[in-house]
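Protein chains: 2
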Amino acid sequence: MKKYQLMAPGPTPVPSQVLLAMARPIIHHRTPEYEALFVEARDGLKTLVQTRQDVVPFACSGTGVLEAAVVNTLSAGDTVIVVVAGKFGERWVEIAKAYGLQVVPLTAPFGETVSPERVAEALARHPKAQAVLAQHSESSTGVLHDVRGYAAVTRGTSAILIVDAVSSLGIADLPMDAWGVDAVVAGSQKGLMLPPGLGFAALSEKAWERAKTSTLPKYYFDIAVERRFVARNEARFTPAVSLVIGLREVLRMLADEGLANVFKRHDRLARATRAGVEALGLELFARATPSPALTAVVAPRGIDSEAIAAAFSRDHNITIAGGQGEMKGQVFRLGHMGYAAEFDTITALAALEQILADLGQPVDFGASVRAAQKVFAAR
Amino acid sequence: MKKYQLMAPGPTPVPSQVLLAMARPIIHHRTPEYEALFVEARDGLKTLVQTRQDVVPFACSGTGVLEAAVVNTLSAGDTVIVVVAGKFGERWVEIAKAYGLQVVPLTAPFGETVSPERVAEALARHPKAQAVLAQHSESSTGVLHDVRGYAAVTRGTSAILIVDAVSSLGIADLPMDAWGVDAVVAGSQKGLMLPPGLGFAALSEKAWERAKTSTLPKYYFDIAVERRFVARNEARFTPAVSLVIGLREVLRMLADEGLANVFKRHDRLARATRAGVEALGLELFARATPSPALTAVVAPRGIDSEAIAAAFSRDHNITIAGGQGEMKGQVFRLGHMGYAAEFDTITALAALEQILADLGQPVDFGASVRAAQKVFAAR
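Chains A and B supply the protein sequences, listed in that same order.
Numbers 1 to 379, taken from the working numbering, label the letters of the first sequence in order.
Numbers 1001 to 1379, taken from the working numbering, label the letters of the second sequence in order.
Worth flagging that the hints you see were computed from the coordinates, not collected in a lab.
Do not take every clue at face value.
Claimed, not checked - Cut-off 27 Å, straight-line C-alpha distance, at most; resulting in silico cross-link-like pairs (DSS-like, lysine-lysine):
id: 1; chain 1: B; residue 1: K1087; chain 2: B; residue 2: K1374
id: 2; chain 1: A; residue 1: K97; chain 2: A; residue 2: K264
id: 3; chain 1: B; residue 1: K1128; chain 2: A; residue 2: K212
id: 4; chain 1: A; residue 1: K97; chain 2: A; residue 2: K212
id: 5; chain 1: A; residue 1: K374; chain 2: A; residue 2: K264
id: 6; chain 1: B; residue 1: K1128; chain 2: B; residue 2: K1002
id: 7; chain 1: B; residue 1: K1097; chain 2: A; residue 2: K97
id: 8; chain 1: A; residue 1: K374; chain 2: A; residue 2: K3
id: 9; chain 1: B; residue 1: K1087; chain 2: A; residue 2: K97
Stated by the list, open to error - Among chain A residues calculated to face chain B with C-beta under 7 Å, some are:
id: 10; residue: P15
id: 11; residue: L19
id: 12; residue: L20
id: 13; residue: A21
id: 14; residue: C60
id: 15; residue: I95
id: 16; residue: A211
id: 17; residue: T213
id: 18; residue: T238
id: 19; residue: Q330
Where a beta carbon is used, it is the ideal one built from N, C-alpha and C, also for glycine.
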């Protein structure tokens, strides 16, 4: 028996009770039953995003709501400043260019970050810039960007700050209203412990003002129109009913745990994972603040990181992820977000020790587990 | 005990075995397991759409792929001819206008259809029209439009025919290649017996040619880019994994039944339903070819159709649908698509008899069931 374990940086495991809730007979979306479900989910999302604004759901994956944030707040020819320090930063550039926006990329080598000072300089150089686009957690490199800092330097300008929180919502603290973030977008398959297929977008007052004059074309992803339905406890188009049922379940679980505890849990899992891999002499890929959602690890010299990911799957029935794009072969990524707990981390590290030994690396068995245990013991 | 029955014109019931298949632990989408699943689903979709073209899936509801068909094949300022004889015809107009297209609406009173001759005349009057947009089954009125006829008159022109098959795929025969339809779009929650959240789009060679020069902006719904991933057995963005697992299950069920039998089943259910409601002296809303997906019924004089729909739910735990938009209060709609069989029809009709009697109508108990039984007996 090799128990199946999903430890990739998304999709993440779905709790069995949530899977079974979603397996209940499907209900119609224009009924009192659905309305009650939707109202609870809608309110729970506001708590999770830490905002008084509506959090508008869409049936789509994360990239759909990235696009939604752009097309609802910007107009053709607008200039946007984009933090590009990973594959998802590059995705913001692709979306912006697809809609004819002028892109000012602020690049950093993958694994590093872009400082708020650089964003401030770019805003000063481009006073007509209408938006700053950034990830919170960049899933391709395992870096957590300084969204609080970006918000501080964007606040006094005419630009809005749009944040991809796909791998940070319910993982890393992102108090939208308190920090002054203008758009937060996220999906269902990371911190929310659900299958992929739901996206969410929340806009600040400043972003809603911008939405009034936005000329980029949209229909399915029209957040302003959808919000009118949300206000009536409805969905404009047929919603992904089974995923919304699951959403209510996971929001209850997160509320029971308490949001502060959820963030602490992820922080502890991330610190334990980093301590474990470093105890094996491995190098972290992140050379800036690491993300609490995942840990990107540089493969030992002479070993293809894809071979490590393949061994996790083949020998231990554990799905992790290799590197994306130019990081393929160099980096493997361990997810510890969503439905993830201490002994999952222990499992991942123990498996890593076995795999490195199998690949001919010198391994002090138990070293990574010991390092993780010490993190967990320090309460 | 009142057994819950979903008999709305979508979402439709999901078979328990499919619900349980979707409740299996979530898998990652960049694994051999997902690839095998995706390849089977992709091939099954081609059989269902009766095409040699790729059927490209998206995580979205039906309206998302309606929009995808427009933005991938048309350019700003293009003229489109739209069949508007129901709420979903109006949706085509809204999407086209959102993208700055010139709309030539061919309207008919709701409950009626637009003949292929009218489409041919419009194409002759607007030789630069780039597309004809139509529903196959118009779910708001219960009418089946003559897509075969539309294809015949569009084929020799520069226009492409884009068909919303959301409530006809796997319900009414729509041989895309044989009829020469240029774009077929559909969703998961009707004939496919799945929860909402998956959409599909297939384009003909003529439509793919058009896609090469289409200038409307798109990113998430870029069918040409997505098709390159489909060809490698992949998804560009995180797919709705659990729904794709369900998709494989329902495609196996439909293949086991045989596509011709699937269409026959829906036709029989529709004929039995119509015979039943007419046996009660009720009038069908469709004054053109009725859809095999649903039956729209005019409420008896002096009775609000919403009261009938409410009684189905309150007194019998059966969800049906009332009328949309201006048909609200006048029309109720009985769905008989997807996971629907003979005794579901009997149940719906028996409940309708009870409800009409409760509302003070004279009812010959058993009359509608008898009429339906005769249809089923005539094999």
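Hint by hint, here is what the structure shows:
no.	hint	in the structure
1	K1087/B with K1374/B	violated, 33 Å
2	K97/A with K264/A	violated, 38 Å
3	K1128/B with K212/A	violated, 33 Å
4	K97/A with K212/A	holds, 22 Å
5	K374/A with K264/A	holds, 16 Å
6	K1128/B with K1002/B	violated, 57 Å
7	K1097/B with K97/A	holds, 23 Å
8	K374/A with K3/A	holds, 26 Å
9	K1087/B with K97/A	violated, 34 Å
10	P15	violated, 10 Å
11	L19	holds, 4 Å
12	L20	holds, 6 Å
13	A21	violated, 9 Å
14	C60	holds, 5 Å
15	I95	holds, 5 Å
16	A211	violated, 14 Å
17	T213	violated, 16 Å
18	T238	holds, 4 Å
19	Q330	violated, 17 Å
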